[in-house]
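Participant: Keeping their order, the protein sequence lines are chains S and H. Under my numbering, the first residue of the first sequence is numbered 1, with each subsequent residue one higher. Under my numbering, the first residue of the second sequence is numbered 1001, with each subsequent residue one higher.
One or more hints might be untrue.
[As the list claims (entries may be wrong)] Here are the computed lysine-lysine pairs in the DSSO-like style, where the Cα-Cα straight-line distance is at most 27 Å: (1) S:K83 / H:K1149; (2) S:K83 / H:K1009; (3) S:K83 / H:K1148; (4) S:K87 / S:K22; (5) H:K1115 / S:K75; (6) H:K1009 / H:K1149; (7) H:K1148 / S:K68; (8) S:K87 / S:K3; (9) H:K1149 / S:K75; (10) H:K1056 / H:K1120; (11) S:K22 / S:K8; (12) H:K1129 / H:K1115; (13) S:K65 / H:K1010; (14) H:K1055 / H:K1009; (15) H:K1009 / H:K1056; (16) H:K1115 / S:K83; (17) H:K1092 / H:K1010; (18) S:K97 / H:K1096; (19) H:K1054 / H:K1149; (20) H:K1096 / S:K87; (21) H:K1149 / S:K65; (22) H:K1129 / H:K1149; (23) S:K97 / H:K1010; (24) S:K68 / H:K1096; (25) S:K65 / H:K1130; (26) H:K1010 / S:K83; (27) S:K65 / H:K1092; (28) H:K1017 / H:K1120; (29) H:K1096 / H:K1054; (30) H:K1115 / H:K1056; (31) H:K1096 / S:K65; (32) S:K3 / S:K75; (33) H:K1096 / S:K75; (34) H:K1120 / H:K1130; (35) S:K22 / S:K75; (36) S:K26 / S:K68; (37) H:K1009 / H:K1129; (38) S:K87 / H:K1115.
Rather than coming from a laboratory, the hints here were simulated on the basis of the structure.
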Amino acid sequence: MEKTIAGKSIAVNEEGYMTDFKQWDKSIGEALATEAEINLTPRHWDVLTYLQTEYRNEVPLSIRKIGKSGVVDIKEFYQLFPKAPLKTATKIAGIPKPASCI
Amino acid sequence: MSANNGEIKKMMIILSKGTLENVYAAFVLANGARMEGIDAEVFFTFFGLEAIHKKKLSHLHVATVGNPAMHIPTMLGGLPGMEALASNMMKKEMEKIDMPDVQEFLDILSASGVKMWACKLAMDMFHYKKEDLFEGVEEVITVGDFYKKSEGEGVHMLFI
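The whole structure should be built from the sequences, with the hints applied where relevant.
Facilitator: So, in structure tokens, the structure goes:
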């Protein structure tokens, strides 16, 4: 389905995840973060950029990999994105929800 | 009764077994809850304490006897070395699917905000001290304390 955000039309699935990463830009990221009640700081952007790089390299995401990323540790990850961090962060980053159980 | 639409707010997981498959089940469920934005606490009791005992947690085994799903005949499962063999095979498979070992999993749970409690009665029975346990364990508590912590709407309890 289509959704209008930050003045642009984007394709999303029924859970609100973008289905075409090419449509993503920073203003959309900001608007998605506002919807998730998160105020983006430079640290948030470090994590979002890391997630997008992993996605481009087709690396499956898990909480364990985040902890080993060298970008953020698990504790800070939960502080930055308090409720369901991996789900929230990937949604803001415009990439698919990870299918991992760990 | 007040309605909360069935939303799960907190998982209270009781781990009473020290076999690798049960420990992982508890850990995956606790971590999975946190990843969904659900609070999670684990109460370690009886053999479940092995999963947080510093000297034992890296040496947990899968059960090869009395476990028909292992497809090892019971007589063979009891042979010396069988548990270690099966456990090593399982650990290798787990590493392949990016499953952390017990120590690393405990660190992940701790960093994710999972609260961990040790059962006083079982601690007394095994003569364990708080210092013997993984640092992330909050406190040694009674079953009554655990029930108290489980109060509230949308709290679910799970015995493993």
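Participant: Each hint: holds or not?
Facilitator: Hint check results:
1. S:K83 / H:K1149: holds, 21 Å
2. S:K83 / H:K1009: Status holds; Cα separation ~11 Å.
3. S:K83 / H:K1148: With a Cα-Cα distance of about 24 Å, the restraint between K83 (chain S) and K1148 (chain H) holds, given a limit of 27 Å.
4. S:K87 / S:K22: The hint holds at about 19 Å.
5. H:K1115 / S:K75: Judged against 27 Å, a Cα distance of about 13 Å means the pair holds.
6. H:K1009 / H:K1149: With a Cα-Cα distance of about 13 Å, the restraint between K1009 (chain H) and K1149 (chain H) holds, given a limit of 27 Å.
7. H:K1148 / S:K68: violated, 36 Å
8. S:K87 / S:K3: The given pair, whose Cα atoms are some 19 Å apart, holds under the 27 Å limit.
9. H:K1149 / S:K75: holds, 23 Å
10. H:K1056 / H:K1120: Holds - the C-alpha atoms of K1120 (chain H) and K1056 (chain H) are around 18 Å apart, at most 27 Å.
11. S:K22 / S:K8: holds, 13 Å
12. H:K1129 / H:K1115: holds, 18 Å
13. S:K65 / H:K1010: holds, 25 Å
14. H:K1055 / H:K1009: Violated. K1055 (chain H) to K1009 (chain H) sits at ~33 Å, over the 27 Å cutoff.
15. H:K1009 / H:K1056: violated, 32 Å
16. H:K1115 / S:K83: holds, 16 Å
17. H:K1092 / H:K1010: violated, 32 Å
18. S:K97 / H:K1096: holds, 21 Å
19. H:K1054 / H:K1149: Within the cut-off at roughly 25 Å; holds.
20. H:K1096 / S:K87: Judged against 27 Å, a Cα distance of about 23 Å means the pair holds.
21. H:K1149 / S:K65: Violated. K1149 (chain H) to K65 (chain S) sits at ~31 Å, over the 27 Å cutoff.
22. H:K1129 / H:K1149: holds, 22 Å
23. S:K97 / H:K1010: holds, 22 Å
24. S:K68 / H:K1096: holds, 16 Å
25. S:K65 / H:K1130: violated, 31 Å
26. H:K1010 / S:K83: holds, 13 Å
27. S:K65 / H:K1092: At roughly 18 Å apart (the allowed maximum being 27 Å), K1092 (chain H) and K65 (chain S) satisfy the hint.
28. H:K1017 / H:K1120: Holds, at roughly 16 Å.
29. H:K1096 / H:K1054: Holds. K1096 (chain H) to K1054 (chain H) sits at ~25 Å (cutoff 27 Å).
30. H:K1115 / H:K1056: Given pair K1115 (chain H), K1056 (chain H) holds - Cα atoms ~20 Å apart, limit 27 Å.
31. H:K1096 / S:K65: Holds: K1096 (chain H) and K65 (chain S) sit about 13 Å apart, inside 27 Å.
32. S:K3 / S:K75: Status violated; Cα separation ~33 Å.
33. H:K1096 / S:K75: holds, 25 Å
34. H:K1120 / H:K1130: holds, 10 Å
35. S:K22 / S:K75: violated, 30 Å
36. S:K26 / S:K68: holds, 26 Å
37. H:K1009 / H:K1129: At roughly 32 Å apart (the allowed maximum being 27 Å), K1129 (chain H) and K1009 (chain H) break the hint.
38. S:K87 / H:K1115: holds, 22 Å
In this structure, the hints that do not hold are numbers 7, 14, 15, 17, 21, 25, 32, 35 and 37, in rising order.
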